[in-house]
Amino acid sequence: MKKAIVLAGSRGIGKAIADALAESDLEVVATSTKELDTSDLSQVREFVAKQQQTDILVLNTGGPPATNFFDLTEDEWLRYHNQLFLGFCLILQNLKINDGGYIFLISSFNMKEPDPNLVLSNAYRIAFSSILKTLSAEFARRNVSCVNIAPGPTKTDRLYSLVEDMDAFEAALPMGRAGKPEEIGAFVRSIVDHEIKYLTGVTINFDGGISKSLL
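For the sequence shown, this note's numbering assigns the number 482 to the initial residue and increments by one for each residue that follows.
Fair warning: there could be bad hints in the mix.
[What the hints assert, rightly or not] Lysine to aspartate or glutamate pairs mimicking EDC-like chemistry, simulated, CA-CA at most 16 Å apart:
1. 693 with 596
2. 661 with 676
3. 636 with 664
4. 678 with 619
No lab work stands behind these hints, which were simulated from the structure alone.
Please model the complete structure; the sequences and the hints are all you need to start from.
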């Protein structure tokens with residue numbers, strides 16, 4: 482049986498992906514942030530030593546709080562550098578992705594249209610996305626596909642923490658609603674179930690048409 486590892490898979494988008502993959506013939510390991518906090522590099526090292534390999538890896542983690550650049554502390558920079566960037570790098574260096582597998586990164590549409598209040602998220606998600614893009618050609622030689630999914634507003638606890646009036650916020654969106662985590666879960670599962678392999682090294686905005694960037 483093939484194996485899928487979903488980080489931060491106990492709630493929100495991660496849980497939706499883990500639940501969707503569990504409907505396929507897969508062994509799914511879904512971690513909570515308590516079990517694996519990627520800002521804690523000792524936890525990361527222990528995790529990869531235990532798991533060692535997988536067929537599908539979903540790199541997912543919660544986002545930093547909304548903070549103005551000039552209010553950020555050095556501790557916050559270091560924590561989210563580890564959580565959103567270095568922790569993921571160590572996982573990719575030390576966890577084997579089996580031939581024919583998949584790597585999914587759950588990032589944010591703010592990579593393309595940065596929110597001035599989400600500086601930490603913007604900076605480190607862009608940085609790790611560049612790593613995954615760089616590695617995608619090397620992984621392709623082993624038929625491992627790398628897909629960066631950049632969600633827009635999606636109904637999770639994270640969105641509720643950032644938005645005061647959800648009804649007004651949703652009404653202003655192109656589709657008149659925020660996305661559903663289950664939509665992203667179904668998307669990931671469809672790629673895996675249909676063995677779509679030629680889609681790699683790409684960033685897919687999953688944002689209901691909110692982004693105005695051309696690429």
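Evaluation of the provided hints:
1. 693 with 596: The given pair, whose Cα atoms are some 13 Å apart, holds under the 16 Å limit.
2. 661 with 676: violated (24 Å)
3. 636 with 664: holds (11 Å)
4. 678 with 619: The given pair, whose Cα atoms are some 14 Å apart, holds under the 16 Å limit.
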